Amino acid sequence: MKRVQALVHLTEVGKGEAVMRNVEHLLEEFGNEVTAEVVANGDGVKALLITGPHGEQVRALAEVGVRFAICAHSTRAQGFTREDFPRVVAVVPSGVGEIVRRENEGFAYIRP
Amino acid sequence: MKRVQALVHLTEVGKGEAVMRNVEHLLEEFGNEVTAEVVANGDGVKALLITGPHGEQVRALAEVGVRFAICAHSTRAQGFTREDFPRVVAVVPSGVGEIVRRENEGFAYIRP
Amino acid sequence: MKRVQALVHLTEVGKGEAVMRNVEHLLEEFGNEVTAEVVANGDGVKALLITGPHGEQVRALAEVGVRFAICAHSTRAQGFTREDFPRVVAVVPSGVGEIVRRENEGFAYIRP
Numbered sequence: 634m635k636r637v638q639a640l641v642h643l644t645e646v647g648k649g650e651a652v653m654r655n656v657e658h659l660l661e662e663f664g665n666e667v668t669a670e671v672v673a674n675g676d677g678v679k680a681l682l683i684t685g686p687h688g689e690q691v692r693a694l695a696e697v698g699v700r701f702a703i704c705a706h707s708t709r710a711q712g713f714t715r716e717d718f719p720r721v722v723a724v725v726p727s728g729v730g731e732i733v734r735r736e737n738e739g740f741a742y743i744r745p
Numbered sequence: 634m635k636r637v638q639a640l641v642h643l644t645e646v647g648k649g650e651a652v653m654r655n656v657e658h659l660l661e662e663f664g665n666e667v668t669a670e671v672v673a674n675g676d677g678v679k680a681l682l683i684t685g686p687h688g689e690q691v692r693a694l695a696e697v698g699v700r701f702a703i704c705a706h707s708t709r710a711q712g713f714t715r716e717d718f719p720r721v722v723a724v725v726p727s728g729v730g731e732i733v734r735r736e737n738e739g740f741a742y743i744r745p
Numbered sequence: 634m635k636r637v638q639a640l641v642h643l644t645e646v647g648k649g650e651a652v653m654r655n656v657e658h659l660l661e662e663f664g665n666e667v668t669a670e671v672v673a674n675g676d677g678v679k680a681l682l683i684t685g686p687h688g689e690q691v692r693a694l695a696e697v698g699v700r701f702a703i704c705a706h707s708t709r710a711q712g713f714t715r716e717d718f719p720r721v722v723a724v725v726p727s728g729v730g731e732i733v734r735r736e737n738e739g740f741a742y743i744r745p
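Chains as they are written, first to last, in my numbering: chain A, 634 to 745; chain B, 634 to 745; chain C, 634 to 745.
Because the hints were derived from the structure by calculation, they are not lab data. Predicted model only: the values in this text are computed from it and were never measured. Mixed in with the good hints, there may be bad ones.
Same chains, same names: a pair is fine if it fits in one copy or spans any two.
Listed below are the simulated SDA-like cross-link pairs for lysine to any residue, each with C-alpha atoms no more than 20 Å apart in a straight line [stated by the list, open to error]:
#, residue 1, residue 2
1, Lys635, Pro726
2, Lys635, Ala693
3, Lys635, Glu738
4, Lys635, Val646
5, Lys635, Phe713
6, Lys635, Gly664
Between the sequences and the hints, there should be enough to build the whole structure, so can you do that?
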C-alpha cells in the first residue's frame, strides 16, 4: 500500500477532541502506513496547551509518530510562548503555509 | 473534460442543507462528468438519518449516482445502527479513513 | 521553488477576518511565489460586500494579485447583485464548482 499522509486542521479549541479522535482513527485504520500531522492555528492552538485538556494526549500521540504544529502568528497574537506547549509541538511560521506545503507533498486535508 | 471527483465532508447536522445544496450544484455544473461523495462523521451522521430532514433527498441523489458514507465510529458512539439510515448509505470503518482514501484517488475536498 | 497555489474557502461572514489573515500570511510567507484565491459561498459572500468590513482590504489584496470569487447561487439566494461587491470580485456559477476546478489544478485547500 502507498504511504498515507493526512493533515488534520485544528481551528477552534472546541474541535480539539474531534481532532484527537480523527488522529486515533487514522492510526487504528492505517497503523504504521500513515503519517499524520495536526496543524493548529487561530483559537485552535489553545487545544494543544500543556495545561489544556489534551496536553498528555499530544505527548502520547507524538511518541507514536504523530506530528503537531502550531502557527507562530496565532500563538503570539494570543500571548502564548513556546513554553506553553509540549516540547513535541513544532512552531511553524504560519499555519496556512504549513498546510499548503503539506498538501503539495501529497497530504490529504481534513477539517473537522 | 477530465472526470471530476468531489468529496463533501458533512461534520454537523446543521450543515446538512448546505451539503445537499453543494451536491446539487455539482450535478448541475458537471452533470455526468462528476462523481460526488458525501462523507458524514461526528454529529454530521444525523443529517442522513431516514427520519431526518434529508432522508428522501439522500435516496433521490443516490439514484443519480451520488455516494453517501457514514463513519462506523460516529454511528456507534451516538447509538445508531445501520437500519437508522437509508440502505443507499454505506457504512465505512472511519470517516477520516474514507476521506484520506478518496483524496488519494484525486477527489477534491470540500468542507461546507 | 515550485509555484504555490492556495484556495481559501470562505463559508461564513464571521470567518472573513480569519480568511483575510490567512491570505496575508500566505503573501508574507511565499511572496511572489503564491497564487491565492478566496472562494466565498453561502453566508460567506457577505464578508466581501463593498459595504462590509473587508471591502477596502479586498481591493488592496486584489491589487497585489489575490483573486476573489463569489458563488452566483449564494449571491442570488441572498438578494445581492454583482454591484454589491467590489469589481475585482469574480462571480462564478457555483462556489463548489470553482473549488473543485482549482483543486484539480493543484491548489491546496484551506478552510478556516
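Results of checking the hints against the structure:
no. : hint            : verdict
1   : Lys635 / Pro726 : between (30 Å within a copy, 19 Å between copies)
2   : Lys635 / Ala693 : neither (25 Å within a copy, 35 Å between copies)
3   : Lys635 / Glu738 : both (14 Å within a copy, 11 Å between copies)
4   : Lys635 / Val646 : neither (32 Å within a copy, 33 Å between copies)
5   : Lys635 / Phe713 : neither (38 Å within a copy, 33 Å between copies)
6   : Lys635 / Gly664 : within (13 Å within a copy, 31 Å between copies)
The structure fails hints 2, 4 and 5 (numbered hints given earlier, in ascending order).
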